[in-house]
Structure formats: C-alpha cells, structure tokens
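For reference, the chains in residue letters:
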Amino acid sequence: MSKYLLNKFLYTVDRDPELVERYREDPRGTVAWWEAERANQLLNCHTGEASTWLAFDDPEREALVAHDYVKLFELGAHPFLTLTLFIAAFERDHAEPLGFQKEYALRLQHFSLPYPDIAT
Amino acid sequence: MAELAAVIASTHHPFYYRASTARGEDRPPFADEWVRKITAFRETLTRANPDVLVMVGSDHFHQLWLDNMPQFLIGKAPVYDANWYNEEREFGLPRMVLKGQEDLSGYLLREGLDAGFDLAFSNELRIDHSITCPIITLRPEADLPIVPVYTNIFAPPLPQPKRFVQLGRTIRELIESWPSDQRVAVIGTGHLSLELGGPRQFGPHGPDPEFDQRAVEWIANGDLEGCLSEVTLDSLHAPGNATHGFMDFMLMMGVAGEGAKADYVDTLDLFHTMEAYFTWYPSGGPGLSEERACEPRSEGKGESA
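Protein chains in written order, with the numbering used here: chain U, 1 to 120; chain Y, 1 to 305.
Careful: at least some of the hints might be erroneous.
[Stated by the list, open to error] In silico BS3-like pairs for lysine-lysine, Cα to Cα no more than 30 Å straight-line:
| # | chain 1 | residue 1 | chain 2 | residue 2 |
| --- | --- | --- | --- | --- |
| 1 | Y | K162 | U | K3 |
| 2 | U | K102 | Y | K37 |
| 3 | Y | K99 | Y | K37 |
| 4 | Y | K261 | Y | K37 |
| 5 | Y | K162 | Y | K261 |
| 6 | U | K102 | U | K3 |
[Stated by the list, open to error] Here chain Y is said to cover these stretches of chain U; the calculated rule only asks that three of the stretch's residues, wherever they fall, bring their Cβ under 8 Å from a Cβ of chain Y:
| # | segment |
| --- | --- |
| 7 | 8-15 |
| 8 | 81-94 |
None of these hints come from the bench; they were simulated from the model. Every residue, glycine too, gets a C-beta built ideally from N, C-alpha and C.
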C-alpha cells in the first residue's frame, strides 16, 4: 500500500493541463503510462536519477483507473489532492455551480470520524 | 529597532477574488457584503502604515512536496512569483509578483535558528493563495516587500499546536529586536472549521459552526490558555478534515500575545466556511486609542475591546 504514490499521481497529474485531460479521457492508459514512466521519477532531480521500488497495488491502480474518488478517500489519499484534480476533470460535467462538489460530498456520506488516515 | 505596526489574522478564501470582481449574473449574492467587510478590514492594515509584511501561510502542495517536506520554512529571495496554474484554473487567481525583504528574512532565519527553531529556507519560492489571498484583500497594490513564512498544516506528521504558538511568539520577539527603523506588519492566514475532499465539504456554512464560534472567541480575546487546553492534533479532525489550518491562527495569537484582545474583529458566515478577520495594534497606532471604540467587533461574537 502506497498512499505516497497515490498522492504523487494526483499531484503530478493535477499540475499538468495536458495530463489532466489525458486522465479524464483515458484513465486506464494514463495510469499505466504513468506507473511505467513517471512513478519512479524523482521530482526536482535530473532525469538520470530514479527510484527503483515504487508501484501501485491492485486496489490503488483500479481506484485511479475507475476515477473512484470514494475509494481513494477510503485508501487514505490526500483529500485535497483528490478534490483538486477531480474538480479540474469533472466539474465541467455539472450544470449547477458547486454541483460536482456537492455530489462528491454526498457520495462520501457513509464515512464518519475517524476518517481514513492520510499520514504518509 | 523595528516596530511591530500591526498583527493581522485572517481566513484565506480563494473565491474572494472571483466573487469580488464578478459582474452581472456572475456576481454571487453575498459579494457586496463580502467586499464591504474586506474593505473595512483592509483599512486596519492601511492605517498601520507598514513598510514590510511578514506573511504567514501554508503551501498547498505547490512547491513543497512529500519527498522533502519542511515543517516551518522562511523564504529568502529578492522576488517571489505567485499563484499557480491550478489556482488560476480553479479560483481564477491572477499571476502576481511580490518583492522580498531579504534582510528581514535573513535575520529571522539566523535568529530563529539560534532561538531553537530548525527553520528550512527557500531562495526561490513561488508562493500560493495562502499568501496572495491576504495580499489581494489587504494590500491589493502588492507594493510592499514581504517575508513569506510557510507552516505545515497539511501533510502529517504535523508539529504540535503549541509549537505554532511558540513560533509566533519568537517571530514577534525577533521583529522587535530587528535593528531597523521599519514598520513591520505580520499577516497570517489559516482556517476555522473546514472540510476539503470529505463528506462535510461545501455545506451551507462551515462544517462546525460551534467550533467556529469558540475559535473566534479564543482569537478575539487572545485566549491562548483556553485554546491550547482544548486544541490538539487529534481534536482538530472533529471540526473538519482541513481544520488543522487553524494552527496558523494559533501562530498569530502567539504573535499578538497571551491575553491580547484584538482591536478589530469581524466575521462573515459563508457557504462552506466562515470568514474571520482580526487586527491587533501592539503598540497602539496613530489616532487609534480614540477610534477603537468605533471599530466593528464581530457582531456580538466577541467582547468589546
């Protein structure tokens, strides 16, 4: 289980306008590409250096592929990162102002305190 | 020595810029009242006539990331670019450029380290809305040099609440010992109860209005003892999953001092979160003593100054 890697996916996709669109349109392809090419990239280092050990487990990969923000919350992904990326990708599909954000809250209603631990 | 001209604590609502500049059908119904309150709050900084702004905020996973996460960081650079692509995208925030006050940055770093805070530093820092929101609300000319101070209220493990208070006290001591004739305002932003990415987000008001009321009382009255007796890293989960941002308010209470009643208090109940605005004048200010009685004070939520 790698909350860190889930967060790294959300963080690196959210900050790249092209990747936001690619993740929206082709989540399975984007997640597979990212895990193969980007998961082990050390941010802020030159490209010759990479880590050797980072990989999703199956539920994490599937949650990202399914755009399943409820599952990501359950897995302890950082809620701010998930919310920010999913607003960027899906708010546009809702006509009402804050419609997506309110639906998002509704779909998480079965969670009560304490929420899943987000410490990495 | 430098003079601490004002201490200001505020929420930082990223939607203010868009709400306040929207026209016609796009302008939300609460925008006019919000602008009125912000305009009055801005005056509390203007009348302090500061030369430099120490800005306390928290990076929201923009430049600071989990591979190298500082707990407390001070920027030391001649210039700070500001706001990020995803803040333009989600909040409509403009790109900004702010001057830095490197002498004060260097002084706070050196003296802060010697006072027992192992402060991280950054010589190239792009700041985010936790600092640009109060620039937009309080000093939209963005003409004063700044010293950014970032705290980690976001990525556990976090420092304890008392550590935020201690850092606030130390920042005040260091500003007051800074060999300079400049007038310094410290402006810090945090949150009252707040939920982001959880089941209680984007409700008709903040997720825990009772916490908000208690928090406003603590801040308005400088009740650090009461606040520290109730607030823990664990307890802050209950009012909302992003409520740890309240610890930046606690830092500012440390700057203002134990028992220091705020000279100006105002709040605004909005959807999703309560806005709260506080100003202290540690050494009084020109004409302030006569005017204090006239200041708005929290619409019944705080005691009179």
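Results for each hint:
no.: 1; hint: Y:K162 with U:K3; in the structure: holds (28 Å)
no.: 2; hint: U:K102 with Y:K37; in the structure: holds (27 Å)
no.: 3; hint: Y:K99 with Y:K37; in the structure: holds (27 Å)
no.: 4; hint: Y:K261 with Y:K37; in the structure: holds (20 Å)
no.: 5; hint: Y:K162 with Y:K261; in the structure: holds (19 Å)
no.: 6; hint: U:K102 with U:K3; in the structure: holds (25 Å)
no.: 7; hint: 8-15; in the structure: holds (count 4)
no.: 8; hint: 81-94; in the structure: holds (count 6)
No hint from the list above goes unmet by this structure.
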